[in-house]
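Student: Please model the complete structure; the sequences and the hints are all you need to start from.
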Amino acid sequence: RKEVEQDPGPFNVPEGATVAFNCTYSNSASQSFFWYRQDCRKEPKLLMSVYSSGNEDGRFTAQLNRASQYISLLIRDSKLSDSATYLCVVIGGGSYIPTFGRGTSLIVHP
Amino acid sequence: DTAVSQTPKYLVTQMGNDKSIKCEQNLGHDTMYWYKQDSKKFLKIMFSYNNKELIINETVPNRFSPKSPDKAHLNLHINSLELGDSAVYFCASSREFQSSSSYEQYFGPGTRLTVT
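Chain order of the listed sequences is A and B. As numbered in this note's numbering, residues 2 to 111 make up the first sequence, in order. As numbered in this note's numbering, residues -13 to 102 make up the second sequence, in order.
Calculated from the structure, these hints are not laboratory results. Some hints here could point you the wrong way.
Claimed, not checked - Which stretches of chain B does chain A cover? Using the computed rule of at least three CB atoms under 8 Å from a CB of chain A, they are: (1) 22 to 33; (2) 90 to 96.
Said to hold, decoys possible - Taking lysine-lysine pairs in the BS3-like style, the calculated list, with each CA pair at most 25 Å apart, reads: (3) Lys46(A) to Lys80(A); (4) Lys38(B) to Lys57(B); (5) Lys46(A) to Lys26(B); (6) Lys22(B) to Lys46(A); (7) Lys80(A) to Lys27(B); (8) Lys8(B) to Lys38(B); (9) Lys5(B) to Lys26(B); (10) Lys46(A) to Lys(-5)(B).
What the hints assert, rightly or not - Stretch by stretch, here's where chain B covers chain A in the computed footprint (C-beta under 8 Å, at least three residues): (11) 45 to 51; (12) 101 to 111.
Remember, it's a predicted structure, so these values are computed and weren't measured experimentally. Cβ coordinates follow ideal geometry from the N, Cα and C atoms, glycine included.
Tutor: What follows is the structure, encoded as structure tokens:
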């Protein structure tokens, strides 16, 4: 089983839709979780950290499910500009080495 | 006001050559990283330095040698380049290392290396 797994997609949704991605991790001792966004041919940019109690930033909601070992990202009212690849990052479990998932591609169309 | 900068942005070279990529951050961060993103878009950490000390060294051929002259700079030198080294190399920095709440990383724009 890979350390961090994501459905590569693409998720193809119309503007205004709600879309959710999951990211599963194998190390139960993992401590920190993040979502990054990467546009085509650009660098990854931090979207949001994921806190144990879940957190929200505008249209974006991140949640952590430790029992089932996954994190999720929910995007409400999708915009064309949300089209990108969303990478989850897991850190911890005895080391501070960040492990990236392969990313989930989102395409928002008019 | 670039936070993390890398040079060059593009690098095309022949097999067997030696090349360097430079990275600088002006965020005052203690920790810097090198990542490799291959053609399948998989982003994998190579090295990390904290206050000029090597703290992460993943399974990377010893043809790759990082150097950190100070905590704002982390350079990557690659000897005897091979076709498989073609990838995008990203530099990143974060505030500190052994504090997971401060682990948010800021990436440079990337260096697209093509080995022919």
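Student: Under a C-beta cut-off of less than 8 Å, do 3 or more residues of the segment 22 to 33 of chain B approach chain A closely enough to confirm the stated coverage?
Tutor: holds (count 6)
Student: Under the criterion that the straight-line Cα-Cα distance not exceed 25 Å, is the pair lysine 8(B), lysine 38(B) satisfied?
Tutor: Holds: lysine 8(B) and lysine 38(B) sit about 15 Å apart, inside 25 Å.
Student: Under the criterion that the straight-line Cα-Cα distance not exceed 25 Å, is the pair lysine 80(A), lysine 27(B) satisfied?
Tutor: Roughly 24 Å separates the two Cα atoms, so the pair holds.
Student: Is lysine 22(B) close enough to lysine 46(A), meaning Cα to Cα at most 25 Å?
Tutor: holds, 16 Å
Student: Between the alpha carbons of lysine 46(A) and lysine 26(B), is the straight-line distance 25 Å or under?
Tutor: The given pair, whose Cα atoms are some 19 Å apart, holds under the 25 Å limit.
Student: Keeping to a limit of 25 Å between CA atoms, is the pair of lysine 38(B) and lysine 57(B) held or broken?
Tutor: holds, 5 Å
Student: Residue count check for the segment 101 to 111 of chain A against chain B: does it reach three with CB-CB under 8 Å?
Tutor: Answer holds; 3 residues pass the 8 Å Cβ test.
Student: Taking only the CA atoms, is the gap from lysine 46(A) to lysine 80(A) under or equal to 25 Å?
Tutor: Distance ~18 Å between lysine 46(A) and lysine 80(A) Cα, so the pair holds.
Student: Tell me if the straight-line CA distance from lysine 5(B) to lysine 26(B) falls inside 25 Å.
Tutor: holds, 23 Å
Student: Please verify whether lysine 46(A) and lysine -5(B) have alpha carbons no more than 25 Å apart.
Tutor: holds, 18 Å
Student: Count the residues of the segment 90 to 96 of chain B with a beta-carbon closer than 8 Å to any beta-carbon of chain A: does the count reach three?
Tutor: holds (count 7)
Student: Please verify the coverage claim for the segment 45 to 51 of chain A: does it have three or more residues whose C-beta sits within 8 Å of some C-beta in chain B?
Tutor: As far as the segment 45 to 51 of chain A goes, the hint holds, because 4 residues have Cβ atoms under 8 Å from chain B.
Of the numbered hints stated above, none is contradicted by the structure.
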